[in-house]
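The numbering of the sequence shown is our numbering, which starts it at 2 and goes up by one.
Bear in mind the hints are in silico, worked out from the structure with no lab data behind them.
Owing to the predicted nature of the structure, the values given are computational and were not obtained by experimental measurement.
Note that beta-carbon positions come from the ideal geometry of N, C-alpha and C, so glycine has one too.
Treat the hints loosely; a few may be bogus.
In silico DSS-like cross-links for lysine-lysine, where the CA-CA straight-line distance does not exceed 30 Å [stated by the list, open to error]:
| no. | residue 1 | residue 2 |
| --- | --- | --- |
| 1 | K42 | K87 |
| 2 | K42 | K209 |
| 3 | K87 | K209 |
| 4 | K246 | K209 |
| 5 | K87 | K246 |
| 6 | K246 | K42 |
Quick list of simulated restraints, FRET-style, between CB atoms [stated by the list, open to error]:
| no. | residue 1 | residue 2 | range |
| --- | --- | --- | --- |
| 7 | E22 | V155 | 27 to 35 Å |
| 8 | R188 | R120 | 28 to 36 Å |
| 9 | S19 | Q65 | 16 to 24 Å |
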Amino acid sequence: MSKTKNNKPPAWAPATLSEFEGVRFLHLDSIWVQGAMRIRKPQQLELEYIQRMMVWMLWRESAQVREGHAIQLGLGAAAITRFCHKVLRMQTTAVEINPTVISACRAWFHLPEDDGRLRVVNADAARWVQEPEHLQSAQVLNIDLYDHDAASPVLDDEDFYRHCHGLLADGGLMTVNLFGRDASFARSATRIARVFGSDQVWSLAPTKEGNTIVVAARGVQVPEREELERRAATIESQYGLPARKWLRLVRPLPLNLIQQLRA
């Protein structure tokens, strides 16, 4: 964790909560929602964009969905961390810079203590992804790094995405939460594509709130449509996620972005 010049830890935005109609919401000293959990179904993925962050499951064979190491950069309300650890039962690591978020998730959002399959790290993701011991350690990487106003990604340059690419083992998959109704989406998607290659990057149509999920892969062959449909049906039946809807929403990068990359 970085420190200020007077050697004191930085002052983090405090985590707070609200509840409405059986759902608990995480905030960071603002009205903006940083995550949510249905109180009686804590392992359920409540927010639509968080559900879509699991779209990587379509690119993995059904028998291999649960295999490997899943890393989250940005803990939020720990929804993806709980799902990967408790439902998929994957080796799971979450990296979160704000210690009050980790404390809030443990107190209010059913985040368990670390165990043989779970590790929650209080660290700066920008530095963590550069550490040599993490190279090619992940089969799945989920990135949801926004400031306390939920206005823009905190880490969003080519150097960061290059280190993210390095985290992935061959065949690994990354999902990133971006806002798709803003010019910043085109910039972010272009940066990702420059690192991963335009044929290894896809996006979903924006949610009604404007969140667009980008998928990027390290050396993945896209299955035939019929196989993707089989996988989507399996995901829906086993995990209750709307994977057939995801399949309708997935698209390659827009042609104008690909042309910019080739220019």
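Evaluated hints:
no.	hint	result
1	K42 <-> K87	holds (12 Å)
2	K42 <-> K209	holds (24 Å)
3	K87 <-> K209	holds (29 Å)
4	K246 <-> K209	holds (14 Å)
5	K87 <-> K246	holds (24 Å)
6	K246 <-> K42	holds (22 Å)
7	E22 <-> V155: 27 to 35 Å	holds (30 Å)
8	R188 <-> R120: 28 to 36 Å	holds (32 Å)
9	S19 <-> Q65: 16 to 24 Å	violated (38 Å)
Comparing the model with each earlier hint shows a violation of hint 9 alone; every other hint is respected.
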